Amino acid sequence: MRNGRSVDPGFGFCHRLYYRCESEEDIHGDRLLAPRVKSFDISVNWSKYSKPWDVVFGYPNAGIALFFVFDIKRDLPTDRSSDQREPVKIHSFGPVHEPYDNNYSHSEIAVFKDDVRVRKSSAIGEKAKKEWRQIISDKSLVLRRPKPKNDLNVASA
Amino acid sequence: MTLVEAYAGADRDGPSQRALRIYKGGPTQKKGAPVRLSQDIGHDYLSVALLRKLNKELPSQRDRKFAAHFAKLDALLVDRNWDGCNEPPSALALNRARAVLHQLRADGLEPTRIVSSTEGGVAICFIRGKIYSDIECLNSEEILGVVSNRRDAPVVWEIDPSASGFARAAQRIREFLGETSDAYDAERKIG
Numbered sequence: 001m002r003n004g005r006s007v008d009p010g011f012g013f014c015h016r017l018y019y020r021c022e023s024e025e026d027i028h029g030d031r032l033l034a035p036r037v038k039s040f041d042i043s044v045n046w047s048k049y050s051k052p053w054d055v056v057f058g059y060p061n062a063g064i065a066l067f068f069v070f071d072i073k074r075d076l077p078t079d080r081s082s083d084q085r086e087p088v089k090i091h092s093f094g095p096v097h098e099p100y101d102n103n104y105s106h107s108e109i110a111v112f113k114d115d116v117r118v119r120k121s122s123a124i125g126e127k128a129k130k131e132w133r134q135i136i137s138d139k140s141l142v143l144r145r146p147k148p149k150n151d152l153n154v155a156s157a
Numbered sequence: 158m159t160l161v162e163a164y165a166g167a168d169r170d171g172p173s174q175r176a177l178r179i180y181k182g183g184p185t186q187k188k189g190a191p192v193r194l195s196q197d198i199g200h201d202y203l204s205v206a207l208l209r210k211l212n213k214e215l216p217s218q219r220d221r222k223f224a225a226h227f228a229k230l231d232a233l234l235v236d237r238n239w240d241g242c243n244e245p246p247s248a249l250a251l252n253r254a255r256a257v258l259h260q261l262r263a264d265g266l267e268p269t270r271i272v273s274s275t276e277g278g279v280a281i282c283f284i285r286g287k288i289y290s291d292i293e294c295l296n297s298e299e300i301l302g303v304v305s306n307r308r309d310a311p312v313v314w315e316i317d318p319s320a321s322g323f324a325r326a327a328q329r330i331r332e333f334l335g336e337t338s339d340a341y342d343a344e345r346k347i348g
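Just so you know, the sequences run in chain order A and B. Be aware that the first sequence starts at 1, since it is given in the numbering used here, and climbs by one per residue. Be aware that the second sequence starts at 158, since it is given in the numbering used here, and climbs by one per residue.
Hints in this document: simulated from the structure, not taken from any laboratory. Don't take every hint at face value.
Claimed, not checked - With a Cα cut of at most 25 Å, we get these calculated BS3-like pairs of lysine-lysine: (1) A:K38 / B:K287; (2) A:K48 / A:K73; (3) A:K89 / A:K127; (4) A:K73 / B:K287; (5) B:K210 / A:K147.
Model, not experiment: these values are computed from the prediction.
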């Protein structure tokens, strides 16, 4: 519970962020599957104020993945070459504390452009979004697999 | 009448009939189960041209593997059970993913999984241990490719929505995965 506490901007580099994955489609082995990761305002729980299992409270079939703050603080895209006249816009990704009344640890991975938080997904370039989702996938570690919901998966032997 | 039946009907007790029996599995196989002829057996009984035609008529192992992926695309097309947060793949995205899959089948590069994208679209994923790559056909009409070894920064590029663009992407992914096309080429020589 928040209990009137103010927003805490003190993310340490080694702090962990816990992410809820809802279905088997979202993961492959021990990692999140990049196309199943959202690129904008991802909701996570901050390890400073929560335990991993808090993120699946009320979602008994969901899985848990984690990543570290130092892995996700990035300026993207990495490739800044462009065949256009205008230079490539740099997007800064990083966690921000967005506490809820019933979940003080709730945080979001926000995107900033020129130090202003981007509020619309369409304002971010597709290549930057794609690279970002891939980084999240690469750096994620699945702690608990979600329970199978349906049989839509096609996985080769 | 199939090519096999026509061929069998031409000479009921001759070498072609024996060839057909072998082609359909012979005494050691389940009755009627079609199998592909090995080059050694086939050349004893059939001309190279006919052998090629016969093998073309049967679905190869690769075709069967790809059938599951095409079925997944069909499932995504009819599945309307979306959670409200994610945008379902558009008809264009699905058609493009199908075209990419045809190219991959022609190149003998089998994907690991096909999933809908949370950004709206379809992704064809290739995973070999820590090596990852995908081709994502987005509802926004862009097609993006990515390769990653999970250690270095991933590389993202735009894919031209054309047959040559898909072929180049497949080649790039194949090289990244470190797969050769030798096995595929060998299979083609028989077929």
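(message) Please verify whether K210 (chain B) and K147 (chain A) have alpha carbons no more than 25 Å apart.
(response) 47 Å, violated
(message) Does K127 (chain A) sit within 25 Å of K89 (chain A), going by the straight-line distance between their CA atoms?
(response) 11 Å, holds
(request) Would you check the hint for K48 (chain A) and K73 (chain A), treating anything up to 25 Å between C-alpha atoms as holding? (result) 17 Å, holds
(request) Mind checking the alpha carbons of K38 (chain A) and K287 (chain B) for me, to see if they're no more than 25 Å apart? (result) Roughly 21 Å between the alpha carbons, so the hint for K38 (chain A) and K287 (chain B) holds.
(request) Would you mind confirming whether the straight-line C-alpha gap from K73 (chain A) to K287 (chain B) stays at or under 25 Å? (result) Since the Cα atoms of K73 (chain A) and K287 (chain B) sit roughly 22 Å apart, the hinted pair holds (cutoff 25 Å).
Checked against the numbered hints given earlier, this structure breaks only hint 5.
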